[in-house]
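A.B. asks: Go by the hints and put chain B onto chain A.
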Amino acid sequence: ETGVTQTPRHLVMGMTNKKSLKCEQHLGHNAMYWYKQSAKKPLELMFVYNFKEQTENNSVPSRFSPECPNSSHLFLHLHTLQPEDSALYLCASSHGTSGEDTQYFGPGTRLTVL
Amino acid sequence: GENVEQHPSTLSVQEGDSAVIKCTYSDSASNYFPWYKQELGKRPQLIIDIRSNVGEKKDQRIAVTLNKTAKHFSLHITETQPEDSAVYFCAASKNNAGNMLTFGGGTRLMVKP
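Residue numbers (my numbering), protein chains in the order written: chain A, 1 to 114; chain B, 1 to 113.
Isolated chain A, as found in the complex (with noise of 0.2 Å):
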């Protein structure tokens, strides 16, 4: 359960405000991930970083700034958001990005944007 952090594990923001999510993962992997789950709809990949290069953006408004200064930290960075952001946002790393290396999930920051 601690091989992938996350903090702040809850999060309020007015939509002029700036913040960042931090994520953490101590599994020695090489990928890094961020995931929107919204409610009553599927996950959606925002971003994937290997060897803390972006190799994928999935159309991610510019207001989500992703940062990965190394292959064990991922950050995401939030401004001027607007309510329907308000998700709980997942990190989640992996070994590799073959296609079929398993995805390991922290524990989400709950996001509300008033």
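There's no promise every hint is true.
Mimicking DSS-like on lysine-lysine, the simulated pairs with C-alpha atoms at most 30 Å apart in a straight line are [unchecked claim]:
| # | chain 1 | residue 1 | chain 2 | residue 2 |
| --- | --- | --- | --- | --- |
| 1 | A | Lys22 | A | Lys40 |
| 2 | A | Lys40 | B | Lys57 |
| 3 | A | Lys41 | B | Lys22 |
Quick list of the computed label-pair ranges, beta carbon to beta carbon [stated by the list, open to error]:
| # | chain 1 | residue 1 | chain 2 | residue 2 | range |
| --- | --- | --- | --- | --- | --- |
| 4 | A | Gln82 | B | Gly1 | 23 to 33 Å |
| 5 | B | Thr69 | A | Glu84 | 32 to 42 Å |
| 6 | A | Asn17 | B | Lys112 | 39 to 49 Å |
| 7 | B | Leu40 | A | His73 | 27 to 37 Å |
| 8 | A | Asn17 | B | Thr78 | 40 to 50 Å |
| 9 | A | Val12 | B | Gly1 | 28 to 38 Å |
Quick caveat, the hints were computed from the structure, so don't treat them as lab data. Glycine included, every Cβ here is placed at the ideal spot set by N, Cα and C.
C.D. replies: For chain B alone, kept in the frame of chain A given last:
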């Protein structure tokens, strides 16, 4: 791109009965199909996966079947227990595609004691 449909969205069974959740996918190149279980307020956790070179895989009370021709795969849980109550997600991905999982919409399974 890939599209994964999952049914049913909710499923209620009596303890001890079997539960079956079905998923279909659109991209015939997909070759890896994991299933995740998410308990209330917790993270999704992998419970079983199957690759396209096999048609069935079993792990104790859980089994997954894959029909590549029809492009569908199913999760089977036998002898259900109250602790099986959770939301189950199927997903699909393919090699050389950045390990991008496309998820189904989820099935809320309720096991009544």
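A.B. asks: Given the hint that Lys22 (chain A) pairs with Lys40 (chain A), does the C-alpha gap stay at or below 30 Å?
C.D. replies: 25 Å, holds
A.B. asks: That 28 to 38 Å hint for Val12 (chain A) and Gly1 (chain B) (C-beta), does it hold up?
C.D. replies: 33 Å, holds
A.B. asks: Per the hint of 39 to 49 Å, is the separation of the Cβ atoms of Asn17 (chain A) and Lys112 (chain B) within bounds?
C.D. replies: Taking Cβ atoms as reference, Asn17 (chain A) and Lys112 (chain B) lie about 44 Å apart, which means the hint holds.
A.B. asks: Straight-line Cα separation of Lys40 (chain A) and Lys57 (chain B) no greater than 30 Å?
C.D. replies: Satisfied, since the Cα-Cα distance of roughly 29 Å is no more than 30 Å.
A.B. asks: Should the hint that Asn17 (chain A) and Thr78 (chain B) are 40 to 50 Å apart at their CB atoms be regarded as holding?
C.D. replies: With Cβ atoms ~49 Å apart, the hint holds.
A.B. asks: Per the hint of 23 to 33 Å, is the separation of the Cβ atoms of Gln82 (chain A) and Gly1 (chain B) within bounds?
C.D. replies: 24 Å, holds
A.B. asks: Lying within 27 to 37 Å: is that true of the beta-carbon distance Leu40 (chain B) to His73 (chain A)?
C.D. replies: 28 Å, holds
A.B. asks: Verify the CB-CB distance for Thr69 (chain B) and Glu84 (chain A) against the hinted window 32 to 42 Å.
C.D. replies: 39 Å, holds
A.B. asks: So if I understand the rule, the pair passes when the alpha-carbon distance is 30 Å or less; does Lys41 (chain A) with Lys22 (chain B) pass?
C.D. replies: 17 Å, holds
Hint compliance for this structure: every hint is met.
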